[in-house]
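Peer 1: Listed below are the residues making up each chain.
Number of protein chains: 4
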Amino acid sequence: MSDTRPTDRETACFEAGIKFGSLYHQFAGTPVSPGSADSLATAMEAAIENQPHCDEVVVDVHEDRLREELADGPADYTELTGKFVDVDIYIDYEGIFVHAHMRMTEGYPLMDVVEVRE
Amino acid sequence: MSDTRPTDRETACFEAGIKFGSLYHQFAGTPVSPGSADSLATAMEAAIENQPHCDEVVVDVHEDRLREELADGPADYTELTGKFVDVDIYIDYEGIFVHAHMRMTEGYPLMDVVEVRE
Amino acid sequence: MSDTRPTDRETACFEAGIKFGSLYHQFAGTPVSPGSADSLATAMEAAIENQPHCDEVVVDVHEDRLREELADGPADYTELTGKFVDVDIYIDYEGIFVHAHMRMTEGYPLMDVVEVRE
Amino acid sequence: MSDTRPTDRETACFEAGIKFGSLYHQFAGTPVSPGSADSLATAMEAAIENQPHCDEVVVDVHEDRLREELADGPADYTELTGKFVDVDIYIDYEGIFVHAHMRMTEGYPLMDVVEVRE
Chain H
1 MSDTRPTDRE TACFEAGIKF GSLYHQFAGT PVSPGSADSL ATAMEAAIEN QPHCDEVVVD
61 VHEDRLREEL ADGPADYTEL TGKFVDVDIY IDYEGIFVHA HMRMTEGYPL MDVVEVRE
Chain R
1 MSDTRPTDRE TACFEAGIKF GSLYHQFAGT PVSPGSADSL ATAMEAAIEN QPHCDEVVVD
61 VHEDRLREEL ADGPADYTEL TGKFVDVDIY IDYEGIFVHA HMRMTEGYPL MDVVEVRE
Chain D
1 MSDTRPTDRE TACFEAGIKF GSLYHQFAGT PVSPGSADSL ATAMEAAIEN QPHCDEVVVD
61 VHEDRLREEL ADGPADYTEL TGKFVDVDIY IDYEGIFVHA HMRMTEGYPL MDVVEVRE
Chain Z
1 MSDTRPTDRE TACFEAGIKF GSLYHQFAGT PVSPGSADSL ATAMEAAIEN QPHCDEVVVD
61 VHEDRLREEL ADGPADYTEL TGKFVDVDIY IDYEGIFVHA HMRMTEGYPL MDVVEVRE
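Protein chains in written order, with our numbering: chain H, 1 to 118; chain R, 1 to 118; chain D, 1 to 118; chain Z, 1 to 118.
These aren't lab readings, by the way, just hints derived from the structure by calculation.
Heads up, a few of these hints could be off.
If chains are identical, the list can't say which one is meant, so a pair holds when it fits in one copy or spans any two.
Stated by the list, open to error - Simulated crosslink set (SDA-like; lysine to any residue; CA at most 25 Å straight-line):
(1) 83 <-> 72
(2) 83 <-> 42
(3) 83 <-> 118
(4) 83 <-> 3
(5) 83 <-> 104
(6) 83 <-> 117
(7) 83 <-> 39
(8) 83 <-> 71
(9) 83 <-> 7
(10) 83 <-> 49
(11) 83 <-> 4
(12) 83 <-> 95
(13) 83 <-> 56
(14) 83 <-> 105
Bear in mind the structure is a predicted one, so any value in this text is a computation, not a measurement.
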């Protein structure tokens with residue numbers, strides 16, 4: 001019979017998921033341009049690192065993808081969506097380490113657990 | 001030696017976490033009053049249920065807590081924060097069922113895995 | 001010499017702008033599908049109508065545009081952006097009526113004051 | 001008979017309002033602490049300055065108010081709300097300059113047009 005209480009590994013993965021959902025839905029829609037990409041990435045990292053059990057957040061806002069998007073239209077900024085960012089999040093929960101990331105996969109920003117270590 | 005790949009139970013918990021972070025950071029800050037609480041709760045449920053592996057979302061926006069908050073000031077609406085809502089989320093990932101919830105605990109909106117079942 | 005204090009008409013237009021920025025940046029990024037479009041539109045209207053001097057908000061989430069977007073990919077939901085919604089906002093500030101709207105124009109969700117009446 | 005079309009001054013005020021609503025509802029709810037306040041303020045300024053006709057945005061996240069809030073509880077971060085920030089926005093629309101600001105007034109974050117100049 002499997003236990004219905006979460007293990008520490010499972011709770012650590014739950015915590016990793018919270019950070020991804022928070023980061024994405026807090027900042028999606030933010031006006032962004034090649035010139036403001038760095039300050040946004042820095043703020044996203046520092047904001048989510050405030051959350052419990054969050055060891056490190058690495059956000060890469062791809063200025064080249066922003067430039068490509070803007071080359072086709074009259075505007076000089078767009079809205080942040082998953083297609084412009086890679087994210088890596090590192091959780092430390094009770095000695096369990098979780099690395100999860102977000103990457104564009106077949107046109108969608110997929111969030112996955114990369115590894116769980118004790 | 002423990003495996004570093006996530007189990008299905010761990011991935012199911014990760015998915016539950018994503019939904020909580022998404023729900024909270026998408027809707028926190030929304031102008032809300034006793035009269036608009038129901039429509040907001042309904043929209044929050046339907047929005048997050050769109051996400052993958054999300055079986056059901058139950059959002060309770062407490063009109064009594066809104067009324068109490070508003071009784072002390074001149075405004076007739078406030079901004080949505082965790083102190084006004086209870087949330088239950090039910091995940092079904094590859095036959096693993098996760099129930100997680102958000103409840104106010106000592107003044108903070110804590111998100112926890114309630115149970116994991118196969 | 002022009003006065004530097006805002007007139008009531010100008011303040012009414014400022015209030016209209018606040019409502020548009022609020023609506024757009026609160027709800028952009030929300031997971032949405034043809035099935036959840038109605039509940040989201042209703043919640044957006046009720047939420048923003050809470051704000052001061054806001055007489056009426058009319059949000060039309062275009063289910064046909066959502067269906068067209070989703071026809072091309074593997075997912076059955078997307079994120080709310082301006083290309084899926086028309087918005088009309090009606091302000092009443094000190095007897096000044098402002099009607100403003102958001103419409104897709106050459107690929108961009110433009111927000112404009114339609115009319116100001118006393 | 002007053003004209004129902006907006007004047008340039010009125011449109012400039014509408015644009016100022018859009019920026020305030022955008023800034024507030026994009027960033028309200030962001031996890032923030034004294035240590036992350038500066039990076040968040042910088043990102044808010046750069047993000048909103050991307051928007052059309054937006055000359056300058058000045059955001060002051062009050063670290064002292066954050067420290068005071070956090071002194072009473074067990075957490076070392078909170079969520080961004082109006083009570084922690086002052087905002088000044090400067091619009092230049094067709095030669096019309098609008099300065100608007102957000103300040104806490106009797107417990108509420110009020111947004112006002114400070115001056116309109118040609």
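Peer 1: List, from low to high, the hint numbers that the structure doesn't satisfy.
Peer 2: When the structure is compared with the hints, numbers 3, 4, 6, 9, 11, 12 turn out to be violated.
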